[in-house]
Amino acid sequence: MIPVLGLLAGLAVGLFLDPSVPVWLQPYLPIAVIAALDAVFGAIRAILDGIFNDKVFVVSFLSNVVVAAFIVFLGDQLGVGSQLSTGVVVVLGVRIFSNVASIRRHLFRA
Amino acid sequence: MTLLTTMMERPLDAGYQEAADRREAAGLPKATSTQTVLVVVLTLLTGFLFAVAAQSLRPKPTAAAAVKKELVTRIEALQQHGSEQEAKVAALGRQVRDYEALALQQSGGPDLTSTIKELEVEAAAVPLRGPGLTLTIDDAASVGGDANAGSRPDSGFQEGRVTSGDLQVLVNGLWGAGAEAIAINGHRLSSTAAIRFAGQAIVVDFRPLSRPYVITALGDSQGMQQLFEPSFAGLYLSQLTDQYKIRSTMAAGDSLTVPGDPSARLEVARPLGSSPPSAPPGSPTGSSSQGKRSAPSTSTRTSPGSATSERTSP
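Here the protein sequences come in this chain order: A and B. Each position in the first sequence, counted from 1, maps to that position plus 1 in the numbering used here. Each position in the second sequence, counted from 1, maps to that position plus 275 in the numbering used here.
Only chain B is shown next, with the shape it has when bound in the complex (with noise of 0.2 Å):
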């Protein structure tokens, strides 16, 4: 307590008042002048001490920031060329199937557009246009809404959010109640899409999806509801909602739109009747028949495994 007492009551050193009272012994005045030649250079050194320290110590923003602030636009960058070049590869895409269509007009041979146009329509190559269904589901409102595409989440798993499982059951009803085409914000499913997760974003050919998730489905939309709503999907649905308060809203529209799989590209290739063709031919686009209906959903539900490993195999 000593200690403290001195320090809080007499900050002062005492060798001040000590100084002084020996010179007042010698008859001199009790202080002496501030100008002398020592003071001045200990204040000069004090001055030199404050701005070297400041300078030295002070954190330095410039090594970390110029970094960070680099690679931002180097990312920046770099997606827009990404996006310039799948702009590039639709264009090339449209401009190889006019040829493919000019070349077989000038072959002279069997009429194959049809059947080109409908595999193509299988394969998720080409946009469409159509009636159909949107399904919007979205996080629990109990969520917070911080959840964009690329955020690492702090927490694990948070109920109310949709997870990649919600959307595969969900995307298969869909496939199963008979839609032609489907796109989850705008992502065209092809054969070889997966829905997968990566950490708690949900990643749907290898690009991550923000919320909230909207699912486009072509098909007849009357008979699609009708035949997704009492379905497995249907009730797994309305069981999220119910249970987890998971947002969702199905709407029917009459000219909604899915684009093709920018990704999608020849791998096999087989000269015209030498094997059974892939797909049955026939039923032009827009009426579902049963064995186009089957062939995506079959796919869809084949393991995300496989699916990458087709996929990533150039």
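Next comes chain A alone, as it looks inside the complex (with noise of 0.2 Å):
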């Protein structure tokens, strides 16, 4: 419940102080939303897989996101930025659906 709590009121902080974002900072923003996403949804399926560790979660969450800002940035300097994002958003997609197909087994046994 407290980390529901605590994405809520990050949300809400966000919206509220809307801080600017630098503009190099823009193009990373979208992979590592993705990548958040994925680490949030293995997160919630490890805790009803019953072996939820908070030191794992924080290491996926945050290496998620370096590694997939890291290759968007590389694909930038090599000039194939695009293309690179879209790998990213591949596998970590792939990574979210299947983990949200396990949690859906999970709470609906369907």
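None of these hints come from the bench; they were simulated from the model. Check each hint, because a few of them may be wrong.
As the list claims (entries may be wrong) - If you anchor each label on the Cβ, the simulated ranges turn out as follows:
no.: 1; chain 1: A; residue 1: Leu75; chain 2: B; residue 2: Lys335; range: 25 to 35 Å
no.: 2; chain 1: B; residue 1: Gln354; chain 2: A; residue 2: Val95; range: 48 to 58 Å
no.: 3; chain 1: B; residue 1: Ala338; chain 2: A; residue 2: Val68; range: 30 to 40 Å
no.: 4; chain 1: B; residue 1: Glu351; chain 2: A; residue 2: Leu75; range: 49 to 59 Å
no.: 5; chain 1: A; residue 1: Val68; chain 2: B; residue 2: Gly474; range: 46 to 56 Å
no.: 6; chain 1: A; residue 1: Gln78; chain 2: B; residue 2: Ala338; range: 23 to 33 Å
no.: 7; chain 1: A; residue 1: Met2; chain 2: B; residue 2: Leu332; range: 27 to 37 Å
no.: 8; chain 1: B; residue 1: Thr277; chain 2: A; residue 2: His107; range: 20 to 30 Å
no.: 9; chain 1: B; residue 1: Gln330; chain 2: A; residue 2: Phe74; range: 17 to 27 Å
no.: 10; chain 1: A; residue 1: Val22; chain 2: B; residue 2: Ala339; range: 19 to 29 Å
no.: 11; chain 1: A; residue 1: Val81; chain 2: B; residue 2: Leu332; range: 17 to 27 Å
no.: 12; chain 1: B; residue 1: Ala338; chain 2: A; residue 2: Pro23; range: 15 to 25 Å
no.: 13; chain 1: A; residue 1: Pro20; chain 2: B; residue 2: Ala339; range: 22 to 32 Å
Computed from a predicted model, the values in this text were never measured in an experiment. In this text, a Cβ means the ideal position worked out from N, Cα and C, and glycines have one as well.
Two chains, two frames, some hints: make the complex.
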């Protein structure tokens, strides 16, 4: 319950403060969001599997975001930024889908 | 394939399972609490990230849309202003003509009223009413109906579309058949008006027209029809209908009106008697003389370029 409240509080703070993101950071935002989603769904699945670990959650979240951003940065430097972004989105999207499918199996037994 | 298989079948981080195994070996419960400070801080951060990303990446419609909206309102306001000014010009022109007539009467000179009236008719300065023909032509039904004035067609030439050349031929044919005054879609053709094209839009006297094109020609309707149909322009029209399915209807009317050309203005003035008048005096309006007929028809036949230069030079 408390993590959900934390998420909502973070959303509220972000919406309320509405900080301006520097332009150089903007290409990384969508990738960071997808990576964060992946980590969050992985954590929910781990909770349902009964093997949640807070350190693993934090580390997987941070490494996901950092690695995804780094791949996009590297792609930008090599001139294939959009292709690599697509790759990252595809991989993380597949992971999110199968994690959500597993969560669904846990919750609805279907 | 290994990559794909691991990705599809074991999407969960292996770290969770390993950590659980380690904790089990150490005699602790498999899962830690979900309510530790680390987790709460991270969820806060995640929510913050979502909100910021959503807000900063959402396309902001304000800038472009606002500019476009403002341009649209400005165009509409200016168009309204333009038509108001046009009406004002027409009203003032009428007033000027009234004063002219009054001045002529008071000066006691020779009665020039009928001459002036006739010249005004030929210069397309005054609106006229009388019997005549209306020739309506429209693009073929196969051509998309989106050809409004000002829209830019994406494709090139389309066969079933009425071109400015068609209109030129038809208008010249009507002049040749004895029309005394011609208007297209309510734009009076004066001797300096040109029928031209801009892209695929037809422009008469620098005003774009939209289909259908209604050509109103005042004159002896029966005689005109008899002269027009066997002429080159008549054959051209039937050819257009047969080959390109351009739709056309011709109807005679007893009381048609053509407006005056609001842009007509005085360009040359000579004292009376110092040189021969530019048009033969005599026959009153309504009966068509050969001289009158030829004057407008030659001027429409002149190349658009010359007409343009004449008109643009103030």
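Right, here's what the structure says about each hint:
no., hint, verdict
1, A/Leu75 <-> B/Lys335: 25 to 35 Å, "29 Å, holds"
2, B/Gln354 <-> A/Val95: 48 to 58 Å, "55 Å, holds"
3, B/Ala338 <-> A/Val68: 30 to 40 Å, "35 Å, holds"
4, B/Glu351 <-> A/Leu75: 49 to 59 Å, "51 Å, holds"
5, A/Val68 <-> B/Gly474: 46 to 56 Å, "53 Å, holds"
6, A/Gln78 <-> B/Ala338: 23 to 33 Å, "30 Å, holds"
7, A/Met2 <-> B/Leu332: 27 to 37 Å, "30 Å, holds"
8, B/Thr277 <-> A/His107: 20 to 30 Å, "27 Å, holds"
9, B/Gln330 <-> A/Phe74: 17 to 27 Å, "23 Å, holds"
10, A/Val22 <-> B/Ala339: 19 to 29 Å, "21 Å, holds"
11, A/Val81 <-> B/Leu332: 17 to 27 Å, "21 Å, holds"
12, B/Ala338 <-> A/Pro23: 15 to 25 Å, "19 Å, holds"
13, A/Pro20 <-> B/Ala339: 22 to 32 Å, "24 Å, holds"
Comparing the model with each earlier hint shows no violations; every hint is respected.
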